[in-house]
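Q: Sequence:
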Amino acid sequence: MKTIRPLRILAVAAAAAFLFACGSGPKPVSAQEAPPAWVLDPPEADAQYMYFVGSGESKTGSMAEGEDFARGALIDEIMRYLGVRIASETTATARASLESYQADVVQTLKSTSAGRVVGLEIAERWVSRREGRTGVYLLARYNKTELAKERRRLEEIFREKVQAISGPEAEGRELEGRGELYQATLRYLEAAAAAFKSDLENAEIKFERNMNQAREAVRRIGLVKLNDNLKVHVGQGFPAGFQLKVVAGSAGSDPGIAGAALRVSYKEMRASGRSSTRSQQAKSGPDGRLSFQPPPPESVGAETLTMALDLDEALESLADVPDRLYAQVEAMEELARTKSVRFAYESLSLAGTIPTGIAVFDLDATGNPITMSETSSGLLAELGKAGFKVVSLPVTAPEIAGRPDNQVIAALAAGYKGQVERAIFGTARISETVQEGQTILIQVSGAVKVVELASGKVLLAVNKTKRAQGSSASAALATAFKKLGEDLGQAIANQLR
Numbered sequence: 043m044k045t046i047r048p049l050r051i052l053a054v055a056a057a058a059a060f061l062f063a064c065g066s067g068p069k070p071v072s073a074q075e076a077p078p079a080w081v082l083d084p085p086e087a088d089a090q091y092m093y094f095v096g097s098g099e100s101k102t103g104s105m106a107e108g109e110d111f112a113r114g115a116l117i118d119e120i121m122r123y124l125g126v127r128i129a130s131e132t133t134a135t136a137r138a139s140l141e142s143y144q145a146d147v148v149q150t151l152k153s154t155s156a157g158r159v160v161g162l163e164i165a166e167r168w169v170s171r172r173e174g175r176t177g178v179y180l181l182a183r184y185n186k187t188e189l190a191k192e193r194r195r196l197e198e199i200f201r202e203k204v205q206a207i208s209g210p211e212a213e214g215r216e217l218e219g220r221g222e223l224y225q226a227t228l229r230y231l232e233a234a235a236a237a238f239k240s241d242l243e244n245a246e247i248k249f250e251r252n253m254n255q256a257r258e259a260v261r262r263i264g265l266v267k268l269n270d271n272l273k274v275h276v277g278q279g280f281p282a283g284f285q286l287k288v289v290a291g292s293a294g295s296d297p298g299i300a301g302a303a304l305r306v307s308y309k310e311m312r313a314s315g316r317s318s319t320r321s322q323q324a325k326s327g328p329d330g331r332l333s334f335q336p337p338p339p340e341s342v343g344a345e346t347l348t349m350a351l352d353l354d355e356a357l358e359s360l361a362d363v364p365d366r367l368y369a370q371v372e373a374m375e376e377l378a379r380t381k382s383v384r385f386a387y388e389s390l391s392l393a394g395t396i397p398t399g400i401a402v403f404d405l406d407a408t409g410n411p412i413t414m415s416e417t418s419s420g421l422l423a424e425l426g427k428a429g430f431k432v433v434s435l436p437v438t439a440p441e442i443a444g445r446p447d448n449q450v451i452a453a454l455a456a457g458y459k460g461q462v463e464r465a466i467f468g469t470a471r472i473s474e475t476v477q478e479g480q481t482i483l484i485q486v487s488g489a490v491k492v493v494e495l496a497s498g499k500v501l502l503a504v505n506k507t508k509r510a511q512g513s514s515a516s517a518a519l520a521t522a523f524k525k526l527g528e529d530l531g532q533a534i535a536n537q538l539r
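When the letters of the sequence shown are read in order and numbered with the numbering used here, they come out as residues 43 to 539.
It cannot be assumed that every hint is accurate.
As the list claims (entries may be wrong) - In silico DSBU-like pairs for lysine-lysine, Cα to Cα no more than 35 Å straight-line: (1) K459 - K381; (2) K525 - K491; (3) K431 - K267; (4) K267 - K506; (5) K525 - K431; (6) K325 - K248; (7) K248 - K273; (8) K273 - K101; (9) K525 - K309; (10) K239 - K381.
Claimed, not checked - Cβ-Cβ distance ranges computed for the label pairs, FRET-style: (11) L501 - P436: 42 to 50 Å; (12) P440 - T395: 41 to 49 Å; (13) T380 - T475: 49 to 57 Å; (14) G219 - G283: 42 to 50 Å; (15) P440 - G283: 30 to 38 Å; (16) I412 - V433: 21 to 29 Å; (17) E494 - P440: 22 to 30 Å.
Because the hints were derived from the structure by calculation, they are not lab data.
These numbers were taken from a predicted model, which means no experiment stands behind them.
Even for Gly, the Cβ is constructed at its ideal location relative to N, Cα and C.
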C-alpha cells in the first residue's frame, strides 16, 4: 500500500492526538451488553455530522492496544472517504480510471493532513472481551461543514499541483498548434520542471512526455540567414545588420516565429588589445525576423558572428533533475545546440585605400644599420594582407635612423609626396641577446610612426617588442625582426583610420 500509507501516517498523527485526548469521553459499554447497532451498521449522515466506525483487537487483552488499532482504522475510513470523494470529482477531466487516479491523489496529498482534523469527535465507544482478547469499537462523528472544508482544501492542493503540469502542457499544445514553436517549447519545459519536482506517482511519465514534446517543437524550428558575407570598415557601423528569420520549417518563405530568443556571439577587442567573445540576447520580431547590429569592429580581418537558439533559462530550471532522468535534459541541450547559424564578415581599414610608403630599418644593439630588412618585410606582408596599398620607399637607413622626426618627415615629403600620401618610418633594433646552451634568445624592439605627408601630421605611433630563439644568432634575429614587423603591421592596420 505504498501509495496511501504516507497520507494516512500524517492523518493518524493529526487525528490521533485529538482522539487520545478523548479518553474521558463516553463511558464504554460493558462486554456483557449486546453491541450497539452502530457496531454492525454504521449510521447514515444526518444534517450536522458524517459518521465513521473503526475497530481494533488486542490478542493480549490490552485495551490500550485495541484502542490504538481502532483509531488507526477510524482514520483510514475518514481518509478513504476523502480520497474517494476527490477521485470521483476529478476523474472526468483528469483520468478515466478511478483506481489508478486514486494513487495520484493520495501521493499528491502526502504531508497535508497533520493538524487539520477539525470538528472530529468520538461519539461512542464499545469494548468487547472474549477468550483473553479485547476488541475496541469507536464511533466518530465529523462535522459536515468542517469535513467539506477539509475536502475542498485537499482538492485545491491536488488541483494546484496537477495544474502546474497540465496547465503549461495544454498551453504548449495550443501554441504549437498555432506554429508558435519557441513559446510552446518554453511551456513544455515548464511543465517538465513542475513534473519532476512534484510528488505525483506518475511524475516521471509526465516529465518524459513533456520533454519529448519540447524536443519535437525545437526540431521544427529553423534559423534562416537573410544575408551573409558582410564587409565593413574598421571603426564604422555595419551598413546593414546581420539578418535572420526564425521559421516553423527550414526556408525563408516558411511562417515566422515571433519572440524567439537567440544568443548572438561576436568578437570584441579589449583595451589591452586582446580579443574576446561577447554574447548578448536578441529576440525575433512579429514576423520572425531579427536584425542585429554589433558595435563597429576594431580590428581588420575576416571574422564570424553566431546566432543560436537560446533556451538556457528554461533549461536551468531542469538543473536538479535526478540522474535517472538527466539523459532527457542532455538530449534537449544537444538538440538546441544544433539550432545555430554562423555569419561571415570582413572588416577593412579605410586607411588601406590610401597609398602608403614604408621606410623601416633594422639596427644592431649599438644602433648601426645591418643588412637585414626583416622588420620591413614583415610589415609589408601584414599590411598587404589587410588590403593596404603599400610600397617600400627607396631611402637609406642613415636618412631615418637617429634623425629628428621633423627632418625625416620633411625629407619624405620632399621626395615622395607625389607618389604616396602617407609614410611609415622608424627603426627596429636588438635590445637583448642571451645564450642558453646551444640556443640563442634574442629580443628586438621597434618604434614606427605613420605620417600624412601633405600636412606633416603624425597620425599614429606604435611601439612593439618581440622575442625569438634559434640555433644561431642569425636565425633567431631574422625570426625576431620578421615577427616584430608583423606585429607592427597588425597594430597599424587595426588602429589607423
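Q: Take the hints in turn and mark each one as holding or not.
A: These are the hints, each one checked on the structure:
no., hint, in the structure
1, K459 - K381, "54 Å, violated"
2, K525 - K491, "18 Å, holds"
3, K431 - K267, "33 Å, holds"
4, K267 - K506, "41 Å, violated"
5, K525 - K431, "21 Å, holds"
6, K325 - K248, "30 Å, holds"
7, K248 - K273, "50 Å, violated"
8, K273 - K101, "94 Å, violated"
9, K525 - K309, "24 Å, holds"
10, K239 - K381, "28 Å, holds"
11, L501 - P436: 42 to 50 Å, "22 Å, violated"
12, P440 - T395: 41 to 49 Å, "32 Å, violated"
13, T380 - T475: 49 to 57 Å, "54 Å, holds"
14, G219 - G283: 42 to 50 Å, "32 Å, violated"
15, P440 - G283: 30 to 38 Å, "53 Å, violated"
16, I412 - V433: 21 to 29 Å, "22 Å, holds"
17, E494 - P440: 22 to 30 Å, "24 Å, holds"
The structure fails to meet hints 1, 4, 7, 8, 11, 12, 14 and 15 from the earlier list, while all remaining hints are met.
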